[in-house]
Amino acid sequence: MSRLKWEHVVGILGLLGMIGGHYAGLFVAPPERMMGDVGRIFYVHVPVAILSMLMFSVSGLAAFGYLMSGRMGFDWLVESTVEVGVMLSTLLLILGSVWARPTWGVWWTWDPRLITATVLLLTFVGVMLLRGATTNPEKRATWSSVATLIAWVNVPITYKSVQWWRSLHQIQTPQDAISEPMRIVYYENMIAMILVLVWFVAWRWRIAKATAMAEAPEPLPAEVSP
Amino acid sequence: MILLATAGTGQIVGGWEYIIMAYVATWVFFGGYAISLYVRSP
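If you read the sequences in order, they're chains A and B.
For the first sequence, this note's numbering gives the first residue as 578, with consecutive numbering after it.
For the second sequence, this note's numbering gives the first residue as -6, with consecutive numbering after it.
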């Protein structure tokens, strides 16, 4: 029987935390002053938004690490964090749309935050497609690291878009503007989601490593002396 | 004047179908991704 890997323990803790956090978000936290119960979407939307940008920032750091060191471990980290980030970004747009309908009256509008978030998603989908364009591991790692760094430039633009341009989307809420019962539920959901994402990234990293090892050419046989 | 005094103090009522949709979408994405990792595991 194989030993249970540490990331699966972290993942199980994260899932349990998410169950508790979602229960609290749905039934324990008070309704938001203006949005009423619809404000409960906050407990899933905001952690996903922050952590998707954080995930792409880790991709950027890993890409930089690969370009500086040439170590394939960084490339596997790029592969795993970009994929998890794309999953999160897609979910983020869906959650934003679901929240926009009862609060703004529309599923979608050409708002600066929505546009920059969509461009961010599409550029990182481009990084994933680029990785599939070559079978050479070193070329793949170099190309995708450069593309990841270029795509990452949109992370701070997306974050600041609500401050730089006139936007329907509200600006970032200061932590002290959130009442304590809401803040506790928010932190609980944020911590639980971080644990689940650490699980996803570590698991995906192992898959990337195993795939790379399987693709590596067989070593040449040792020369036999007569 | 009454209208002005109450403007901005309203609260959205209901909307549980959107709340449920958001939480279900989160679990579908996270569950689906975990399954995809399990399937791809060596």
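In case anyone wonders, no lab produced these hints; they're calculated from the structure.
Accuracy of the hints is not assured; some may be wrong.
As the list claims (entries may be wrong) - Incomplete in silico selection of chain B near chain A, CB under 7 Å:
id: 1; residue: Val6
id: 2; residue: Tyr16
id: 3; residue: Leu30
Only a predicted model underlies this, so the values are computations on that prediction, with no experimental measurement involved.
All C-beta atoms, glycine included, are put in the ideal place defined by N, C-alpha and C.
- Hints the structure violates: just list their numbers, smallest first. none
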